[in-house]
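Trainee: Chains A and B are the protein sequences, given in the same order.
The numbers in UniProt numbering rise by one with no breaks, and the one at position 225 of the first sequence is 225.
The numbers in UniProt numbering rise by one with no breaks, and the one at position 442 of the second sequence is 442.
Hints may be right or wrong, so weigh each one.
Across the chosen pairs, the derived CB separations fall in these ranges [said to hold, decoys possible]:
#	chain 1	residue 1	chain 2	residue 2	range
1	B	Ser395	A	Val510	22 to 30 Å
2	B	Ser326	A	Val510	16 to 24 Å
3	B	Gly312	A	Pro217	25 to 33 Å
4	A	Asn511	B	Lys334	17 to 25 Å
The hints are simulated quantities; they were obtained by calculation from the structure and are not laboratory data.
By construction, the Cβ of each residue, glycine as well, lies at the ideal position given by its N, Cα and C atoms.
For reference, the chains in residue letters:
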Amino acid sequence: MAAYKAPLRDMRFVMNELFSGTTLHQLPGYEDMTPDVIDAVLEEAAKICEQVLHPINRSGDEEGCTYENGVVRTPKGFREAYQTFCDGGWTSIACKPEFGGQGMPKLVNSMVEEMICSSNLSFGMYPGLSHGAYVALEAYGADELKQQYLPKMVSGEWSGTMCLTEPHCGTDLGMIRTKAEPRGDGSYAITGTKIFISAGEHDLTENIIHLVLAKLPDAPEGAKGISLFLVPKFLPDADNTPGPRNGVMCGAIEHKMGIKASATCVMNFDGATGWLVGQPHKGMQAMFAMMNTERLAVGVQGLGLGEASYQGALAYAKDRIQGRSLTGTKNPEAKADPILVHPDVRRMLLTQKATMEGSRALVGWVAQALDLANHHPDPAVRQESEDLVALLTPIVKALLTDLGYEATNIGVQVYGGHGYIREWGMEQYIRDARIAQIYEGTNGIQALDLVGRKMPANAGRSLRRFFHPVAEYLEAKGDDDDMEEFVLPLAKAFTRLQQATGAVAQKGMVNRDEAGAAATDYLRLFGLTALAYLWCRTVDVARARLAEGANGDAAFYEAKIKTARFYMQRVLPQTGALFSCIMAGGASMMDFADHEF
Amino acid sequence: METTIKKVAVIGAGVMGAGIAAHVANAGVPVVLLDIVPAGATNRNTIAETAVEKMLKADPAPFMSKRCARLITTGNIEDNLDLLADCDWIVEAVIERLDIKQDLYKKVDAVRKAGSVVSSNTSTIPLDQLTGGLSDAFKADFCITHFFNPPRYMRLLEIVQGPQTRADAISTVSAFADVRLGKSVVMCKDRPGFIGNRLGILWILAATVEAIDNGLTVEEADAIIGRPFGIPKTGVFGLMDLVGLDLMPHVLASMVGSLPAGDTFHILNRDLDLIKKMIADGYTGRKGKGGFYRINKAGGGKVKEAVDLKTGEYRVSVKPQLASISAATEAGKKAAAALLAHPDKGGVYARRVMARTLAYAASLVPDVTDSVADIDEAMRLGYNWKFGPFELIDSIGVDALIAILSAEGMEVPPFLTAAVGKTFYKVEDGKRYELRLDGSYAELKRPDGVLMLEDIKRTSKPLLKNGSAALWDIGDGVVCLEFTSKMNALDPEILKLIGQAVKLVPQKGYKALVVYNEGSNFSVGANLGLAIFAANIAAWPIIEEMVEGGQKAYMALKRAPFPVVGAPSGMALGGGCEILLHCDAVQAHAETYMGLVEVGVGLIPGWGGCKEMLHRLSRSKVLPRGPMPAVAKAFETISTATVAKSAMDAQEKSFLRETDGITMNRYRLLADAKAKALALVEGYAPAEPIEFRLPGPSGKVALEMALGQFRRMGKATPHDEVVSMQLAGILSGGATDHTEVLKEEDILALERKAFMTLVRHPGTLARVEHMLLTGKPLRN
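The following block holds chain B by itself, in its conformation from the complex (with noise of 0.2 Å):
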């Protein structure tokens, strides 16, 4: 999508600021970021130009790729301000004093050109009070866009809009940061905290003190207000070791003054001493001495250790051992109803905390926006909760909701007793509503250019469905396949239906296919659980028709006579990286992690890993001619499990073309590939099968003694030894020599026969059962 944002700025470089920076880079837009001169400083430029320097080294990155880097200009708002004269969009993320930001607003508009936006990155100071006294010009190109940290990772952008912003300047700044910027742009009231702050610092509040009060440990806290509620595991004390205990006060503090009397917030917030002194003790969570939470290495050990929220003391963490605790996990999907249902203290906790967020979740609107939607919205992207507010109420009760409330003597909110009888969201005839506050539903539409699965679900019957994977009929003669198995671990009924998709597609005259789904990894690669099973029981063959399978699927794909595109997001490791190896073409999300990495459980790809790479780097453009080059790189990339930590990166690493297609936003991923699918259906004829030429056991010796030198540095491990030498045979091509032809089967016939040799080796199988042990790579 085309927009008028060619060049941003950003002054304040600080953690946030020089994080938006950067994501403007990754979108390839130039910025400039400035920042202050310090006192006594020769380089005036420092404090901007460490901060980019800063985030080269940071993990995770701020940058997609480092080249991004080159496209942000540094300098200070004393020498530089005429850097702002050609930007589109000046982003102000300095620190939150009103006469520092006031005064910088005079600066920017004197050098800014005429309809350039100008926003703030403010989250405590209100609007109206930003630009108090500034220009009606300013005030028309004004608004707040509230960025939540780290800026590249971190879906939310909340947007406020002054009663004098221009239409156009808030639509222009919201396409840019929904198709550039990735972000999902939720449009709130000029009210303290805006959405998420608002409503998650009350959240924290409610769960520290309600802990404190009824005597819970952080543990059975993070339970509690954790996993059975969709909640990340971090819950709220360890979301405050994450965060920083020191953010508090300041956040505290600013909601203290600018919250009305009577709201919830002040019933619950008092002076805590703990934190207080916690903070001064510099205990202020994991970027400190620790927090909550603390690894205690004191006589060589390593041991997780609480702070009893009672006496203040480090003790020994240990696991809960709630009745509640137990019930909620037994209870499974229904784990927040068992909690809230159950009598002990651990019940009382989750009503108490639970009920008094839902509630004033709910009393959100229309203090803050009209919309729950949007207040689900910021709380998923902005706090990782797996489901919003009023998804939750709506999977509670709002009859059940409001007697917890009753019974708790906590207040109901207006907008909560005009629901009795109603959920937040229906579905009819496949549209999604959702209530207002006058009773009546408006329906929720997706904008432009979002195509969502899940729509489809719900409206449609797949085509062909199985327990692992389902094709989707999703419009215009194209078709989605999509995984559906447990992490979308890739299976033989996948498998299955890959042969069977291929088959229909030309048989009921679609024209492409797509390779997508919604889950929070494309795939993390084979079904390891099913193949170790095998392996323990020593169905050998069970497993070479795995492998098999496996490679067939793939090459069906291929081969198949309508354009194939994949369309990942998350992580795409092993199978889950060797099907988009296959596809005509990628339309990959920025957020995608590819890579090769079977051999971090003994193993190495089996399923044309190890020939699709082969074959791109004897392309690359960068790699010097010659078949040895493209093997070393392919050895090299596989042996040490690279996995790309952008798409961006990916294409640097040659598991994505330069021409295939990167989506910034998510929601926008699945309507990119299809057009991308359907681009390539006229004159659509399948790649020519690849022929290779490989340098036989005379590159195996070369590829040997760059492993001996791994070996000699202590880089890699005996089974590792083991592992790189069977890439290595399959790389350099077998028994074969530069004269000889190779065709893609025989690569695949290489790659079964180290496959099947390394999955009966008993150092292979240690690795494969400790990763499913222990979700961690062992180093035999």
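Next comes chain A alone, as it looks inside the complex (with noise of 0.2 Å):
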């Protein structure tokens, strides 16, 4: 199996270097945490993933998780691993102190995500959802509920779920059919079946704690009248340890391509008593404040899991003899070159490494904007922050999860025939990989959210925050001659993302489908051009240390700036076939009859 270290480097490049990781704690909330406690947490975290997580993960996917008479058990050492992995406190890094966590920025929080990924996506899946419903509950759910089952979910003895989709309906979520009966004692009884819910049953906690969406009788029709309730597995005592049985059963789970350690579920409630979390018919407000974290989470998910195949296709390349190189050999005490010397596994590995990057700096932003909008004094700073995360969410939902897919295919490719088989484990990266693009919205989904919801929300003011930014930046460098190869690219790109911008605003509002059809192409236009942008404020940062000398560290600075220049001469182009698709409409799609097809 191909192995897995932590990118620490890169990471303290981006938290310290790049984005204001080092000045992290003069905010409110995290003045303990300053860069060497931070330090000392991505070490320990890269201890867990590299040794706990990542030596399981390919025996996970071999076994899988078994079903029994509504029993799920999850594969070997995961049990034991998720013990680990309470006892270091993994499970309560990002939540809040008062329920016993460690409030770690979502700087901190966003590269642990990423390590436990690129090792064992799978397992992270379970702790995710314990996240995500963390984030829900505690964002709704009246004080009484967080007091009772936060501190238990925050330390891991409880895990969480979030049941949305059902048999008829996964993205119209205004269709669902289970019904929540109020018993007139402040709880409900809810009836109904949901699918494909993970976490939804396994055994590595002692109580699972449902968030479910439900509709209350009087409810008016569609995604208006959808409340959310809280259902757990066992009912909790008087010293809320888990009592009776409630009624929820797990009813099968699914076979599927990947992830196949995480446990996929029909659930089937049955009069089980819940709690309303929230107000009445406002559960989609609450879901969406889970799904916006999530969205981020998952978009990591992609990153990391490109990563892991990076790291594994860069160790193959290295290693693996076999002919010689177009212009002479360069490795003459061996019978052949390491593939390496060819400029096509040069193209791949590059190509790998200058998406994840990217990604990893976009990801950086992101969260510190989320950090920003969540602890900065100033309500002007918050609320642009809050802008900035609203618009870019779904570009590092669909984005990095389609470059994360790409890079794992390449990853199996750099291997050749030993990619294809299982014992390296680089075709699992592809498996596990592909549902990242499908659940948490498709990435079709996250397309029509930026063009549909994102782009116009007040008068387009969410635009603001990354428009101007690029364009401030763009004529500050203007006349610096040295960054011109970096700053041309990503001027040009920028054009065209404000001429498809213009473009794709102006015929959506004539006829909707227009905008439809711009949509994936323009996400990916708009996500190329932001990691451009990361791209040359990347390169300023390596300049700058170079010329201070770099402190020992100059071959990771060069190496910056020479990915830098791949990906402005050899990824960027991308948007200008992107921008061709957008500018061309969608007649030659819809002008297509349905028998036609």
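Join these two chains into a complex; the hints should help.
Mentor: Here is the structure:
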């Protein structure tokens, strides 16, 4: 199996050099988060991911989860790993101290999440879903519910789920049928069937807390009539230990393409006892609080898997000797040169490297904005940061899972036939990565969210939070000849993005199908341009460090500049093709009659 | 047009009488306003005088300019009846009591000059009763002139003539009302409520009782019998709040007494305890403690509440959620049809109310009038309906309406049966016809001096056209530039068409251009949505192009080798005001509201508005000489976003010149503007380029000090200061001084620079965003 080393050097670069990780502790609430504290956290996270989670990744995939009579067993080693995970406090790092959490910044948490996803995505699903439930409950639950449930969820003793999807509806949740009947004592009887429930049933925790979307008897039609309920697997006793079994059972688990060690369950609610979370009929609001966090986390999954695949492919390309370099022998001591000598192998590896490091920078930008949105004393800064997060969330989710999937695919290609067999684990990354493009809102839905919701919201204010800094950057760098090779491609892509934005908005207003037809290409154009901007900023930092002497780290900064160059010359030009597709409009698709397909 | 009416008298200084007098004064005609002497009064003219004083403070203002009040001579009917001796028209607007009116007529008849016209503003007493027992000479000079409230703003005037009324008495008053007062005159027969109230009250009654009977909330009712039918969004309950609930019992009582048995009115009318109780408790509408809606300020908040029609209690107002209302919203222009076809209770309500109302309209022919066009005009102008009832029937279809009536068990009036298979209006060879009771069509002709662009558009093709503007040949060598964009917002397409028009006019041998449209507002300014979108994506060059493009287009109009006349009506704000400032002359509808309001969205006039205001004010005869007074006045006008409240007010504020014309009747605006343009053709030369001498930095300092005062008084917000400082920089001429001559282009460059600085400012973007989202200015 390919080894995994947490990319701590690059994470520190993103946190402390590219963004304001070094000044996080100046924000109210983050006083203790000094760089050395954060560094220690990352070191420890790297250890558990590399030494505990990574070793059971492939075995977990081989064994999968098993289902018998409503009981789900996770693969060998998962229970022990989960215990170690909880003991290390990793379930609590991004939770509030008042519920026993460590209150770590988002910026730190997203780095830890990346390591978990790289080392064992299936495992990460369990605490990941718990955290989603924590977010929704913390934001919208009544105090009593929060006091009762959150501490145990934060400690990892209890886990959580999000029960949204039903057999006949996923994207269109307005059609759900699960019912909630008031019992008159403040509780509700929940009845219905939910499918695709990750971590819906398992043997890692003593209790499972389901957050369930259901309709009250007087609910208005559609998405405006959905409420959110908390339904525990075991009803807690007076001393808050799991008591009698509630009316919720796992009916089956799915047999999937990937993330096989993550239990994906059919959950049957049969008059199960639940409590309302938030206001009646306002369940979607609570759901979105969770969904936005989850969408960023899913973007990070793409990054984590792409990074793991890159590491595997790089090691293999250096190790595997085969044939000779096109321009003469490079490794005369051996019978063949390592395949790293080949331009095409380099193209593949650098595509992985440039897109994954760019993705990490993007995650850093958004995570930092989340920290500012939640902790900055100035309401104007909080507002601006919220806008940026809202705008970039669909991009992080869709772009990073697409790029991550592409990277895992490249990883198999570098390995050749050895990538295609299971032994090296390279094909598992593809299978695991595939779901991230689908769940938490398919990437097509993310693109519609971007053009249909985020673009027009508040008269387009959110756009400003991206376009203005980039435009200001381009203006400031206009005369910097040394930066021209980076700034010019960015300027080109940015102009395309501006024109495409105008065209999509204008055409979309007249005909919404036009916006829909452009959406996916537009999101990628936007995302690649964002990465180009971050690569330019990366080069600025690298050049400054090199000018200062680089403190023995010159190779790292040199590589950054070279990777940026590769990105500008070999990845960013995609924006030209995307631009052409967007500007061509949707007629070539919409003119098709159904029977002509 | 000449008129034989040179002086008017109004007797009765209540809301209507005083309002009529004020509006006659608005027309520049001297008017006598008399009322009774109240018991024990020391000032015997107190009622009329107080009425005038009140009107000077009222908002919306009955006067177009405060100076109009000087044309009113106040008095009382005991001491001053001699003032009527030289009046050509005497309007009676006293209390609705026959004995009092008749007593007054006798006194009036004794002092009035021969051939003067006497009219009553009654809304409830039949004409034959009013003139009963009076002399034949009086009867020959008498008619009913029924104004709507408020008289300045409501364009409908119903006139009823008696069997003995002289034809020229009617034509004299009609012509005066049309040309001088700007009213649209509708002739009615002597029937209760004439057209407007007869139909309007039935509609209100039907909408009220059906809402109660079908269990609709007031919000639901107003959302249904409102926008979807082109009726103002106040609907029916909101409308009652506006006019006052306490008016209802009187109006209904008069109808009960005067309408014949069998009239639909009697089927619907019944005592409504809820309304009785509301009136008794002081809930008479907006003028009282609230009406069907109120704003509850208890607890320091502002909560909109509505009355529960079942319990009579107030509850928090909720947005109506009916499927029929959503269906209507989604149907867009076909909202009425979607509602009428919907199965839910909103659909039932729409059918019962509108079918009843439309059928009743059809039953008014020939009872009240022979003309469906007159009924439509009355409802459009008297109730602000976008479409008259017969226009609505045509859009629904006569057959469809009959089907609804039959299904609801309502009577089908004969005129409607006669119209089966036809439409009430038809257009043939560009001419408009209306259906008459006998099944024939009669041509609808415009009066002399009325030219409507809608007629021209129906019969010809545009010379130029794009998505936001068009250019039309309006005859005699004159072309008309029409804005067609949403809300007539100015955008690059309009600017492009201006450029094309300036080339086309001389090329094709046209002589003059009129800027005119028939929207409810001339233009409320530049398309802010486009601007902020460009700003949000940092597309600064696009914005700068828009600014420069507007400047170039307006300068091209100004420098064009042919006369350009602006003809605004309604709001002409921002860029809509600036285009008028660049015209050779303006012929404005009296109800034109001009202003440079850019600061409200954190910007400055960037299409030559600063430049033109500086120039106009520098030529003002009122301001002291020297460069500074004009600069200071322009600063005051623009920095406070001053909007003129009438064309007359616009002249006083220098948005219009003394030589610019004012047209009282909206329908006559285009013809007047065309005449003005043609008058300028002979020997036309474009205005000489302006040369400015401005104070420069020292002047800017002076404006800064003035601004400081505003700030200390708490009148200027932080971003007001940012914007005002940019404005001060333009108006003082930038880095210049008195000795230097600046060209128009220099000031335009200053405008552009300031505009581009401001449009990048977060404070400005926040203002634009807020305006687009809420329609209200942000005071940041």
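Trainee: Mind checking the hinted window 22 to 30 Å against the Cβ distance between serine 395 of chain B and valine 510 of chain A?
Mentor: holds, 25 Å
Trainee: For the hint 25 to 33 Å, verify it against the beta carbon of glycine 312 of chain B and that of proline 217 of chain A.
Mentor: holds, 29 Å
Trainee: That 17 to 25 Å hint for asparagine 511 of chain A and lysine 334 of chain B (C-beta), does it hold up?
Mentor: This hint holds: roughly 19 Å between Cβ atoms.
Trainee: How does the Cβ-Cβ distance of serine 326 of chain B and valine 510 of chain A compare with 16 to 24 Å: does it lie in that range?
Mentor: Between serine 326 of chain B and valine 510 of chain A, where Cβ atoms are some 22 Å apart, the hint holds.
Checked against the numbered hints above, the structure violates none of them.
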